[in-house]
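Chains as they are written, first to last, in the working numbering: chain A, 1 to 337; chain B, 1 to 530; chain C, 1 to 327.
Just so you know, the hints here were simulated from the structure itself, not pulled from any lab data.
A portion of the hints provided could be inaccurate.
Claimed, not checked - Subject to a maximum C-alpha distance of 25 Å in a straight line, what follows is the list of computed DSS-like cross-link-like pairs (lysine-lysine):
(1) B:Lys483 / C:Lys319
(2) B:Lys394 / C:Lys254
(3) A:Lys82 / B:Lys350
(4) A:Lys82 / B:Lys443
(5) C:Lys223 / B:Lys483
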Amino acid sequence: MANKILDLKNISLKLENHQILKDVSLELEDGDIACLLGPSGCGKTSLLRIIAGLEERSDGKIILNKKTCQDTGLFLPPQKRKIGMVFQDYALFPHLSVSENITFGLGHLKKNEQIAKLDEMLELVKLGPWKDNYPHKLSGGQQQRVALARALAQSPSILLLDEPFSNLDTELRYQLSEDVRNILKQLKMTAILVTHDQTEAFSFADKIGVMKEGVIQQFSASYDLYHSPQTPFIASFIGEGVIVPGNLVKAYMPSLDHSINGSILVRPDDITHDDDSLLKARIFKKIFRGSHFLYVLDFDNGLRVLSLVQSHHDHNIGDLIGVRIEIDHIVEFTHPT
Amino acid sequence: MPKFSFSKFISLFVGIVITIPIFIIFSSFLKVDAGIWSHLKIYVLPELILNTLKLICGVGLGTLLLGVPLAYINSFYDYPGRSFFSFLAILPMSIPAYIMAFVYVALFDITGIWSLAIKDFLGLSFFLPSIRNLYGISLVLSLCFYPYVYLLSKNAFEGQGARALEVSQVMGLSKFNTLLKVILPLSRPWIFSGVLLALMETIADFGAVSIFNYTTFTTAIYRSWFGLFSLDSAQQLAAILISFVFLLMIFERLQEKKKSFATIGRGSVRPSRIKLGWGKSALVILGSGLISLMAFIIPFIMIAKWAFKVMSQDLDARYISFMWNSIEIAFLTVIVLLIFSFFMAYAVRKYPGVIAETIKNLSSLGYAVPGSVLAVGVFIFLSTVENKLTPGQKILTSGLSALIIGLSIRFYSISLAPISNAFLRITDSHFHIMALSSNSQIKNFFKAIAPMIRPGVFTAALMVFVEVMKEMPITLMTRPFGKETLSIRIFEMTSEGEWERAALPSLFLVIISLVPTILLFIQSEKSHGK
Amino acid sequence: MKMICAFLITFSCVLQAEEIVIYSARNEQLIKPIFDLYKKETGVDIKFITDKEGPLMQKLKTEGESSPADILLTVDAGNLWQAANEGLLKSIDSKTLKNNIPAHLRDPKDRWFGFSVRARTIFYNKEKVSPADLTTYEDLSSAKWNKRLCLRTSNKVYNQSLVAMMIAEHGEKKTEEIVSGWVKNLATNVFPDDTKLLEAIDAGICDVGIANTYYYGKYAADKAATKVAIFWPNQKTKGVHVNVSGAGITKYAKHEKAAVKFLEWLSSAKAQNLFVDANYEFPANSKIKPSDKIAAWGTFKPNVINVSKAGELQGSAVKLMDRAQYK
Numbered sequence: 001m002a003n004k005i006l007d008l009k010n011i012s013l014k015l016e017n018h019q020i021l022k023d024v025s026l027e028l029e030d031g032d033i034a035c036l037l038g039p040s041g042c043g044k045t046s047l048l049r050i051i052a053g054l055e056e057r058s059d060g061k062i063i064l065n066k067k068t069c070q071d072t073g074l075f076l077p078p079q080k081r082k083i084g085m086v087f088q089d090y091a092l093f094p095h096l097s098v099s100e101n102i103t104f105g106l107g108h109l110k111k112n113e114q115i116a117k118l119d120e121m122l123e124l125v126k127l128g129p130w131k132d133n134y135p136h137k138l139s140g141g142q143q144q145r146v147a148l149a150r151a152l153a154q155s156p157s158i159l160l161l162d163e164p165f166s167n168l169d170t171e172l173r174y175q176l177s178e179d180v181r182n183i184l185k186q187l188k189m190t191a192i193l194v195t196h197d198q199t200e201a202f203s204f205a206d207k208i209g210v211m212k213e214g215v216i217q218q219f220s221a222s223y224d225l226y227h228s229p230q231t232p233f234i235a236s237f238i239g240e241g242v243i244v245p246g247n248l249v250k251a252y253m254p255s256l257d258h259s260i261n262g263s264i265l266v267r268p269d270d271i272t273h274d275d276d277s278l279l280k281a282r283i284f285k286k287i288f289r290g291s292h293f294l295y296v297l298d299f300d301n302g303l304r305v306l307s308l309v310q311s312h313h314d315h316n317i318g319d320l321i322g323v324r325i326e327i328d329h330i331v332e333f334t335h336p337t
Numbered sequence: 001m002p003k004f005s006f007s008k009f010i011s012l013f014v015g016i017v018i019t020i021p022i023f024i025i026f027s028s029f030l031k032v033d034a035g036i037w038s039h040l041k042i043y044v045l046p047e048l049i050l051n052t053l054k055l056i057c058g059v060g061l062g063t064l065l066l067g068v069p070l071a072y073i074n075s076f077y078d079y080p081g082r083s084f085f086s087f088l089a090i091l092p093m094s095i096p097a098y099i100m101a102f103v104y105v106a107l108f109d110i111t112g113i114w115s116l117a118i119k120d121f122l123g124l125s126f127f128l129p130s131i132r133n134l135y136g137i138s139l140v141l142s143l144c145f146y147p148y149v150y151l152l153s154k155n156a157f158e159g160q161g162a163r164a165l166e167v168s169q170v171m172g173l174s175k176f177n178t179l180l181k182v183i184l185p186l187s188r189p190w191i192f193s194g195v196l197l198a199l200m201e202t203i204a205d206f207g208a209v210s211i212f213n214y215t216t217f218t219t220a221i222y223r224s225w226f227g228l229f230s231l232d233s234a235q236q237l238a239a240i241l242i243s244f245v246f247l248l249m250i251f252e253r254l255q256e257k258k259k260s261f262a263t264i265g266r267g268s269v270r271p272s273r274i275k276l277g278w279g280k281s282a283l284v285i286l287g288s289g290l291i292s293l294m295a296f297i298i299p300f301i302m303i304a305k306w307a308f309k310v311m312s313q314d315l316d317a318r319y320i321s322f323m324w325n326s327i328e329i330a331f332l333t334v335i336v337l338l339i340f341s342f343f344m345a346y347a348v349r350k351y352p353g354v355i356a357e358t359i360k361n362l363s364s365l366g367y368a369v370p371g372s373v374l375a376v377g378v379f380i381f382l383s384t385v386e387n388k389l390t391p392g393q394k395i396l397t398s399g400l401s402a403l404i405i406g407l408s409i410r411f412y413s414i415s416l417a418p419i420s421n422a423f424l425r426i427t428d429s430h431f432h433i434m435a436l437s438s439n440s441q442i443k444n445f446f447k448a449i450a451p452m453i454r455p456g457v458f459t460a461a462l463m464v465f466v467e468v469m470k471e472m473p474i475t476l477m478t479r480p481f482g483k484e485t486l487s488i489r490i491f492e493m494t495s496e497g498e499w500e501r502a503a504l505p506s507l508f509l510v511i512i513s514l515v516p517t518i519l520l521f522i523q524s525e526k527s528h529g530k
Numbered sequence: 001m002k003m004i005c006a007f008l009i010t011f012s013c014v015l016q017a018e019e020i021v022i023y024s025a026r027n028e029q030l031i032k033p034i035f036d037l038y039k040k041e042t043g044v045d046i047k048f049i050t051d052k053e054g055p056l057m058q059k060l061k062t063e064g065e066s067s068p069a070d071i072l073l074t075v076d077a078g079n080l081w082q083a084a085n086e087g088l089l090k091s092i093d094s095k096t097l098k099n100n101i102p103a104h105l106r107d108p109k110d111r112w113f114g115f116s117v118r119a120r121t122i123f124y125n126k127e128k129v130s131p132a133d134l135t136t137y138e139d140l141s142s143a144k145w146n147k148r149l150c151l152r153t154s155n156k157v158y159n160q161s162l163v164a165m166m167i168a169e170h171g172e173k174k175t176e177e178i179v180s181g182w183v184k185n186l187a188t189n190v191f192p193d194d195t196k197l198l199e200a201i202d203a204g205i206c207d208v209g210i211a212n213t214y215y216y217g218k219y220a221a222d223k224a225a226t227k228v229a230i231f232w233p234n235q236k237t238k239g240v241h242v243n244v245s246g247a248g249i250t251k252y253a254k255h256e257k258a259a260v261k262f263l264e265w266l267s268s269a270k271a272q273n274l275f276v277d278a279n280y281e282f283p284a285n286s287k288i289k290p291s292d293k294i295a296a297w298g299t300f301k302p303n304v305i306n307v308s309k310a311g312e313l314q315g316s317a318v319k320l321m322d323r324a325q326y327k
């Protein structure tokens, strides 16, 4: 059985009458790469800072690698927690070279151990040729790799990444996030990534915790998040889709045999285009997606859904087109938002 | 769970010590002399307040117009002799304002040497107008104080990073628009604190305005004290002056609120300087040459000329001890102030909020208080402490302690401004990285913080050193017996109007001030190479 | 640390009989030679601190009983009056001082004595003014001097004392008329110091002005030839306005006897010339002749109203000058 690396119990944070976090609990096992996903202001960065010990005002218990870091009356300062951290703004020291930045926190090691660690890190992030350069000579991606190497050099028990790729352009961003994931997997490093970008979260993490208003609403693998969202928020936040009254759908989908009281989630891929279908819907809006069009469709009874249609089916707004409704996983909410 | 923090404690302590003399000045309101106030209100204040506001506008504008363009050109452009001119630009700081004022009055008063020479040369039948007016005093004080704006703006410009400039140029902004829309707004806290220092010194100045016979609020302060024998009224007036400066600080703080001034983009790469063509170079050289001529070269030559005239009569072996004492006192004050302001700036950066901000601003006010008024406040404070701690023994006032503490209170804002501005360059993430590393606090200080705030520290050290060398009222009041300095020498000569004899100690003062100025210059050039 | 303190205290006790401590608003270069001579003659060491009058008095006041100062030496009777008024000085019972210093140059309660005398008198441009046209300070307010008068700023205590003395003589109403008349007659803005004023008379910017004699002494000594001449006004009335620089024993003096002895010596023939000549002043001791240079200015009748009046009325004088728009 895998080792439990991080164990958060009932973390709460209240600042100036504002509840930032409410009873958040989370467990991570050795080698897990997790992600905290949510809109800005949901408390994800605060949670990261609490784990790191950079925010001293929270309540709750933190056990990190079998060591209690925080509990009632106990607070371990950040430097005693063995945590590595990578920031959005890289936070490299402009007056230190790449090597000096990487060895910044290695003062406790002997000189030759420092050099060994440095070489290992340079090899890992492939920055050997740049080791004597100053940060401003490097590209954004290189700078972030230096920041990663600096964090990993301390051999942390967990690595925390605070929106580390958001300062980079899209292509570099996915390339780098993949590189970083590979490095972490290679080191079997436990990590938490904080981001508001779903694609990044899906490609980076094994498990994703979706946060809203200081609460982790669901913590599970990305497939489950998409197909079995446990709250309407997650349903609408993860992937595209609309939550509509079940009876409206039932009118067009007789196979929906059981009684529907609440609302159900309809994803764009649940609605397929078929010119031969007798069921017609009117195009309200269309968005070109390269290989596909995303159509917003209105039915006679007021039902409005999304449909993803191959882009050679180019219809005009206002056209009536034939569709089929085929929902494989019924996700039902009794109290729709 | 609030945690005890060493830096919070020290900065609170420093803030309190520095602010007590200010509170002593405010406590004068316990004894209000209604007769004096009604007199001041009718006959004195309306004009003097107006005069002071005009002077503030004049010097504010003057220091901006001299300091910012010079800093801009020397930070972003290269031209033949740039090093030399950017060095010359700092030098006026070493000339005391009252000496500069005297030089200008000696040259350009109605009976001024040059005024008369021009009159004779042109064969005029009338006298040229005197320089002793609002424009004259604004010019002279601007020439004296623009180096504050220059130094701080230069710190800002050079620490700004190339990225912001590149971005704005890519977006199609002209160089001028880049200056207006990117460089200046990003440098605002630096420029403001430079101008504020210049204005605080203007407000507190009595020497230079007296020579120009330009009456300001400070004139009323001294007139109430020395003429009406009411120190209380003088302190009350000073308190009003301080409150005005405090409001100015709050106002600026509200304007800056929520803006971040950390370096944009990748670290603090300095943009490589753009080479100017011959035409533009010539213009720049002409411009900065003219400023330096007026602000340093002419005054220096006049001082040297007078000094040589009185040298045979006044120069003796004691000058060695005058110089040594000046240097010793200035050096010790620099050390104390760097430590004080480091803790305050650190605490304000680390634990931002209304409390830290207020303590910081309150403790910066000493610089706006007319010298002798503050000296009394300082002296009352220190002798009370002394009497309580060790009755009958003078542990503070018999040695240098009182003097150094007094000078630190006076010049605290001068060292705090560049150092706390330098802290703006360190991001929260930098602090987190330091906190997460297993380094000791001391190691983090030497490895990360110190190098990053270095330009600010050097600027602070230089400005404090030079200011202490020139300072009179606190040195006069709190020095131990026999500890005579160059500035006291200047006082002895000037208090009965023997200005030309004051040139000799002034000359020494300027020459000694050259040393740290050169050091600052070398370090700033060196770090640019990196 | 304690030991060092204790050592210092005993050490200073041993020296106690041998030293005097002076707080002086008179410049170092004018007092140091006197102190050096005194030490040579008597072996008594004089420690001193110079500063402006206001801060010095405040320092004395703040230090209270623990003040090391024995003597307060300051310029202008107004300041001496203020020091006495604040209770910083104590009465001196010395026959020698009373014999040597005329009554109008010392405090009526003997808390301070004047040691050097300066006259604040009228100066004129020889080429533009005939001395026959000059009579009194008061006359400078008459229309014939319109645009011909130069004055120094009213911030200077010397002018405050002069106006205070005029209030003592004429009352506030008449004095205000005179001062307003002066202001009306000004040829140019008031000057920051007496030397600049003398320069202006010399250059012909104005024809007459009021300045202290010792500034003229220094001014004339620096110039080969000058058009500025001295005039002694009010000779038919009360006399020329004089002021003193003087000294008193502080309330908590630790070396009172030695300090009194020093002041007695300062009023003596030996010290007087050294004390006043360097600064082109007149001796306070009327038995002593001034230096030849000063004697050449001629003799005059001084106003013998007690100079302490200057202090008493200084506040009124300042307010009056404010009202009269005298800057």
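**Q.** Proposed proximity, C:Lys319 with B:Lys483 (alpha carbon, max 25 Å)
**A.** Distance of about 38 Å is beyond 25 Å: violated.
Q.
So if I understand the rule, the pair passes when the alpha-carbon distance is 25 Å or less; does A:Lys82 with B:Lys350 pass?
A. holds, 22 Å
Q. Does B:Lys483 lie within 25 Å of C:Lys223 when you go C-alpha to C-alpha?
A. violated, 35 Å
Q) Given the proposed pairing of A:Lys82 with B:Lys443, does the C-alpha separation stay at or below 25 Å? A) holds, 18 Å
Q.
Run the distance test for B:Lys394 versus C:Lys254: straight-line Cα separation, threshold 25 Å.
A. holds, 15 Å
Hint compliance for this structure: hints 1 and 5 are broken, all remaining hints hold.
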